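A.B. asks: Protein chains in written order, with our numbering: chain A, 796 to 1016; chain B, 159 to 387.
Hints may be right or wrong, so weigh each one.
To give an idea of the interface, some chain B residues facing chain A are shown, with a C-beta separation under 8 angstroms as derived from the structure [said to hold, decoys possible]: (1) Val209; (2) Lys221; (3) Glu231.
Which bits of chain B does chain A cover? Going by a derived footprint, with three or more residues having C-beta under 8 angstroms, they are [as the list claims (entries may be wrong)]: (4) 232-241; (5) 244-252.
Worth flagging that the hints you see were computed from the coordinates, not collected in a lab.
If you're wondering where the values come from, they're calculated on a predicted model, not measured in any experiment.
All residues carry an ideal CB built from backbone N, CA and C; glycine is no exception.
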Amino acid sequence: MAEVKLFGSSGSPFSRRIEVALKLKGVEYEFIEEDIYNKKSPLLLKYNPVHKKVPVLLHNGKPICESLVILEYIDETWEGPSILPKDPYERAMARFWVKFLDEKCFPAMWQACWSIGEEQEKAKEEATEFLKILEGTLSGKKFFGGDSIGMVDIGANFIAYWFMLPQELAGFEVLTKEKFPKLNEWKNEYLNCSIIKENPPLKDKLTALFRARFQAVGAAK
Amino acid sequence: MAIASVQLLGESPSPYVNRVQIALNLKSIEFEFIQENPYDKSERLLKVNPVQKKIPVLIHDGKPICESLIIVEYIDDAWNNGPPILPSDPHDRALARFWAAYIDNKWFPLYRELRAASTEEARKELIERIFEGLVLLEEAFVKCSKGKPFFGGDNIGYLDIALGCYMGWVKATEVSIGVKFLDEFKTPGLAEWADKFCSLNDFKEVVPETQKLVEIYKMFQGRGKPASG
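Let the hints inform the model, and build the full structure from the sequences given.
C.D. replies: Right, dumping it as structure tokens:
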């Protein structure tokens, strides 16, 4: 029985974060693909009864839930490149920004992709505002984590794929090179760094997923 | 006049500010408490927390740290004196962080919705959801405490501080709407824990008395967004 198991979904950026972290630390794990839209497995519901979501990391039989909690656990449990900085102030900053990503950026960007009409315009404005703040933190840095990827870079993974793809498919643009030169540069560096390049999310699968969602949203208009 | 190396911007009715006060006191850190009204934000607050514009903000040697639980972890990381706030075992730490996030994102917001609720039906539904959450928290308490008095074991820790600082407002809500949330029959472990936590000096010195919070509760019935976090 594998010591480390990850219940996840290849379509989920949150699940993807954990795969990146485990690969960064060189941890071997068994990936269990969950069908999160149609039928969640009894094991997932057993290990995450509170939220019933992916990702769930199972280590030595004990489950850990919530992607940011799992990332900290991985950093504390296994040797290898650090996910969080060592300096207490830098750690606090990393935690602050990754919380900002999850509580502000992601919801606004998600809304911007999937809502319609006035709601979409409002979401696009909000997303632009939050992305501007994020852009500001990249001054003089290759990655949010400095010279190498860290917690905030891993947390911002949805900007690299999960936002760029829907923008292309839907034909709207919030994250343009002109408005966000640093974020666009970050995105290219992130996608090109070895750990991500060697383990890209499945573009075809994501494209199909987003296309299906767009059709569903379009049908609702 | 010398500027204190540790300053805390906030006000005492905020449970988020209370968390930081308790953590600083646990580590015997001297600090300057700077009163900030979250409903009438000063230039100073907007300068040190331009993104969220909320209290508490801890300023240590001129550097601001925001978000109460992030500040508590910072205090644990930055100062070695005093007892550790987070558990030492990584899995226990993960559990503590998980439940603190649940409390902040899912459970306590129900109290705000309850305060703002305008119909009896809405109030009833929210009260039911709060009780469902308490059942989950009871299980969490049994798991984390491992038979000891606090989530942190023999002494209070991160999760005690995270949940405990809401107890002032839980009691104020109990008084204001006549519902007993921490029931020794429904959630015995949690009820006993709450009694113990609220009788500690760490709590009493920092959280305003229930009656004061009841008066504030009445003022905010019907209002919306929190200004601290």
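A.B. asks: Next step is simple, just say for each hint if it's right about the structure.
C.D. replies: Checked hints:
For Val209 (chain B), the interface hint holds, since its Cβ comes within 8 angstroms of a Cβ in chain A; the closest pair sits about 6 angstroms apart. Below 8 angstroms, beta-carbon pairs count as interface contacts, and Lys221 (chain B) has one with chain A at about 6 angstroms; its hint therefore holds. With a least beta-carbon distance of about 7 angstroms to chain A, the hint placing Glu231 (chain B) at the interface is held under the 8 angstroms criterion. A count of 3 residues in the region 232-241 of chain B with a Cβ less than 8 angstroms from any Cβ of chain A is obtained; the coverage claim is therefore met, three being the minimum.
Note: the region 244-252 of chain B has 4 residues with beta-carbon separation from chain A under 8 angstroms; the three-residue rule is met and the coverage holds.
When the structure is compared with the earlier hints, no violation turns up for any of them.
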